[in-house]
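All chains should be built: construct the whole structure from the sequences, respecting the hints.
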Amino acid sequence: MEEKKFANPYLMGIALGLVLLASFLIMGEGLGASGAANRFALAAADSVAPGYVESNPYMAGKLTEGKSPLDAWLIFEVLGVFLGGAVSAYTAGRMRRRVIKGPRISVRARLIMALSGGILMGMAARLARGCTSGQALSGGALFSVGSWIFMMMIFVGGYAMAYFVRRQWL
Amino acid sequence: MEEFTIIRNSLHVDPHLDIWGWEIFVYLFLGGLAAGIMIISAINGLGYKQAKEDGSPSSWSRWAPFLAPVVISLGMLALFLDLEHKLYVWRFYTAFRITSPMSWGAWILLGLYPVTILLGLAFLEDNEIESLKSFAPIRWLKLGALLEWLCRLGSAWRKVLLWANLALGLGLGVYTGILLGSLGVARPAWNSAILGPLFLVSGFSTGAALLMLFPLNHNEHERLRRWDAWAIVLELALLGLFFIGLASGDGYDRMALEMFFGGKLTALFWSLVVAVGLLVPLTIELTEGHKGIRPTALAPVLLLIGGVSLRWIIVSAGLY
Amino acid sequence: MIFPIESLVSEQYELGLVVAVAIGFLFGFVLERAGFGRATTLSAQFYGTDMTVFKVMFGAIVTAMIGVVIASGLGLLDFKALSESAVSNTYIVPMLVGGLVLGIGFIISGYCPGTSLVAASSGNLDGMMTFVGVTIGSFIYSAIEPSIASFHDSTDMGQLFFYDLFGVPPAVVAVGVTAMAIGMFFLADKLEPVFSRKFLHRDKSLDRRPRLVAFASFSVTAFVGLGLMFVPLGAQKQGPTTKALSISQYEFAKRLLDKPWSMRIIDLRKRDECAKQRIPGAECVPKDKLGELGLEYAPGARDLVLVAAQDLEVLPKPVEKYKGKVFVLQEGFDGWTRFALQDPPVPGADASEADRSLYGFRSALRQALTGAPPPPPPPSGVKKFVPKKRKKGGGCG
Chain A
706 MEEKKFANPY
716 LMGIALGLVL
726 LASFLIMGEG
736 LGASGAANRF
746 ALAAADSVAP
756 GYVESNPYMA
766 GKLTEGKSPL
776 DAWLIFEVLG
786 VFLGGAVSAY
796 TAGRMRRRVI
806 KGPRISVRAR
816 LIMALSGGIL
826 MGMAARLARG
836 CTSGQALSGG
846 ALFSVGSWIF
856 MMMIFVGGYA
866 MAYFVRRQWL
Chain B
2 MEEFTIIRNS
12 LHVDPHLDIW
22 GWEIFVYLFL
32 GGLAAGIMII
42 SAINGLGYKQ
52 AKEDGSPSSW
62 SRWAPFLAPV
72 VISLGMLALF
82 LDLEHKLYVW
92 RFYTAFRITS
102 PMSWGAWILL
112 GLYPVTILLG
122 LAFLEDNEIE
132 SLKSFAPIRW
142 LKLGALLEWL
152 CRLGSAWRKV
162 LLWANLALGL
172 GLGVYTGILL
182 GSLGVARPAW
192 NSAILGPLFL
202 VSGFSTGAAL
212 LMLFPLNHNE
222 HERLRRWDAW
232 AIVLELALLG
242 LFFIGLASGD
252 GYDRMALEMF
262 FGGKLTALFW
272 SLVVAVGLLV
282 PLTIELTEGH
292 KGIRPTALAP
302 VLLLIGGVSL
312 RWIIVSAGLY
Chain C
4 MIFPIESLVS
14 EQYELGLVVA
24 VAIGFLFGFV
34 LERAGFGRAT
44 TLSAQFYGTD
54 MTVFKVMFGA
64 IVTAMIGVVI
74 ASGLGLLDFK
84 ALSESAVSNT
94 YIVPMLVGGL
104 VLGIGFIISG
114 YCPGTSLVAA
124 SSGNLDGMMT
134 FVGVTIGSFI
144 YSAIEPSIAS
154 FHDSTDMGQL
164 FFYDLFGVPP
174 AVVAVGVTAM
184 AIGMFFLADK
194 LEPVFSRKFL
204 HRDKSLDRRP
214 RLVAFASFSV
224 TAFVGLGLMF
234 VPLGAQKQGP
244 TTKALSISQY
254 EFAKRLLDKP
264 WSMRIIDLRK
274 RDECAKQRIP
284 GAECVPKDKL
294 GELGLEYAPG
304 ARDLVLVAAQ
314 DLEVLPKPVE
324 KYKGKVFVLQ
334 EGFDGWTRFA
344 LQDPPVPGAD
354 ASEADRSLYG
364 FRSALRQALT
374 GAPPPPPPPS
384 GVKKFVPKKR
394 KKGGGCG
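Residue numbers (this note's numbering), protein chains in the order written: chain A, 706 to 875; chain B, 2 to 321; chain C, 4 to 400.
FYI, nobody ran anything at the bench for these hints, they're computed from the structure.
We put the beta carbon where it would ideally sit given N, CA and C, even for glycine.
Since no wrong hints were added, every one of them can be taken at face value.
Each computed DSS-like pair below joins lysine-lysine, with the alpha-carbon atoms no more than 30 Å apart:
(1) K767(A) - K262(C)
(2) K709(A) - K193(C)
(3) K262(C) - K320(C)
(4) K767(A) - K257(C)
(5) K767(A) - K83(C)
(6) K772(A) - K257(C)
DEER-style ranges, computed between Cβ atoms:
(7) R802(A) - P283(C): 53 to 63 Å
(8) R802(A) - G145(B): 38 to 48 Å
(9) K262(C) - Y757(A): 20 to 30 Å
(10) E259(B) - T769(A): 17 to 27 Å
(11) K265(B) - R212(C): 44 to 54 Å
(12) N220(B) - F202(C): 39 to 49 Å
Shown next as structure tokens:
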């Protein structure tokens, strides 16, 4: 089957806004992603070295007695994101194992870039109390000043760095 | 000091040790998986002529029967780890009681090995038998002649073996479901007659999923996908019946039902079993058939996750 | 029914998790359909060849923002409860730095954390690597956080909202954001072909119809939201709370230590007095300047706590229209000084249990606020109260 074209960005923007609105109205929560990654990391650390987690006040503060770090709204939401993305990609004929990259970079280099960019984002998201979805999108829609500052800085950082990694994409 | 040790070893006092760990539900899952593989190989074999018209069966589907003993051995290993008195395993066999699923389960497991292995050998092609004979351990132990004899035996008894596989597979699948019910009447979530067929169908579906992970030819894959989609629909219906059964029962039954509707197991059940394990794979399998999209490993993997989760959650439901 | 549905986070917690899967499913579905599962679509934003990221993101923000304004205008939504649960505090410097680093990580990896998940689910290995990276990065940050904790918590402004900052109602801000977004969408559509020609040497065709639909519905709904301000409906009918409650020094101190973000503390004394010494996190707003805060438009997410020099006899006019709860600190700042900043009287050996624990609390409080050495322990072995929270910086920037 031919791959479908991507949908119109304006209509998708409205659709995404409605999903966010539904989340606000029904649950009183925004959407998120990096918080779930943090909980995965926490759960892994807690099962391997519970003593270390206890000794770190930042990590220990996120644990609830008698409750797994994975027993959380965000984890289930992220599970849904995974399923939704898979079903969408599948039904549009876009599901394929591959590495997305520009023409001038090797697969290996691309994967290393992806990993290191991810590490940077993981740290940044903890510092900023959320990522593009949890902080910029959800907080931004609720008029939070910090979310807008954060969002503007994402664009600043992206545009500033774009020139230096252009070989990866163009 | 001694007192301290005694307290730590008491299973009912120490909160960090569950009375039942992961072994039981893994065993039930692998048992169901093996049952599914046996049933599918039997049906495939019984419809062998049909399969030949579709193009000759791929080598992977001919090796499939051997998966069942491998899978069930892993399951038995898990169960063995769970047994407190490992040396008394043989008692399962000497103390046979016709009413106890535990003891006829033990006999099914014993019968499973010769039946599946002979079936597998019966369908191998000559060059495959040759390569099996040159396989190092068989060469060293000089088992080549025995192997050939077994192949001839299998071929001669092909029809019988196929029916035996089907029967034992069905028995094993149902057994994994009613085993829980035989353990205690006081646990309403386990004491449902629906669990037998439910685990059987789920075992069939996960068995098909496991086989779909292998590079089968197009027709074989297509057939498994179609069977699996039906199995998923049937499983959803059986889950509905399971809940209706609990809802129409007494107070304890309804307490068990509560766990799936608002109680402790709600989120895990609906997300892992229903969404991950059934609805999403069903959607993917249906679009795959409808639009002819190239299959990926996603649906089978989700089905397997769903299969483990189903056993895990049903076992947990009886423990609370 | 008033949204958000409270029970889904309390008694019906498990059901809420099932809802989470459903909402997440839609989220992932929409992201994938928009093309956010492809690093090439996402990174193109930063080379100007494809502004999809910008359009989807701002389209979503505008939609949700207007939706929230309309829902609360219709009295369907408890805006205050929503803002309280879904918005983090504003930490200016951490967010500046965090945003910058996240933007850099974004263009390097080609994804943001959420979209990397969608990419992974559609089979893109680079997306999977990015999500693994995000998890590792979270762990690294958590491991080093204790040593940079003071930076992590610096410039904490509490929950800070634009309508509080500008002193206008949320609906007005929403209209402004909508207008700005539409303007920038036009600009984006103008720029896309320019950069596409430059970098990709081809033109991008533009389908104008969905754009027209989107812009029209944004504008119309934004003004509907604005209009609802003037129609007394639902929750607004009840009118604002005019009665102030008084809060004891003990209650107040406990809240200050446990959940300082739930209060907006306003110090009504003269500016120089307040500047000299005030309760941590308090804003210095003399009585006659209160009108400038735009309290009647604030959503009332936080409880207002008024601190005068002594007891406050008459409630200032601007406060009456505040939508949230209003507290007045008993005995004002003088009482606070006596309670929290001076040595508490040591209870005698025959003092009651309550007296002793109050003593423990007050000495711990004094230690936390002034950094003075701990006073002598009470006569018998009573557990000392240790405040849980780190002391936060003042919010009067």
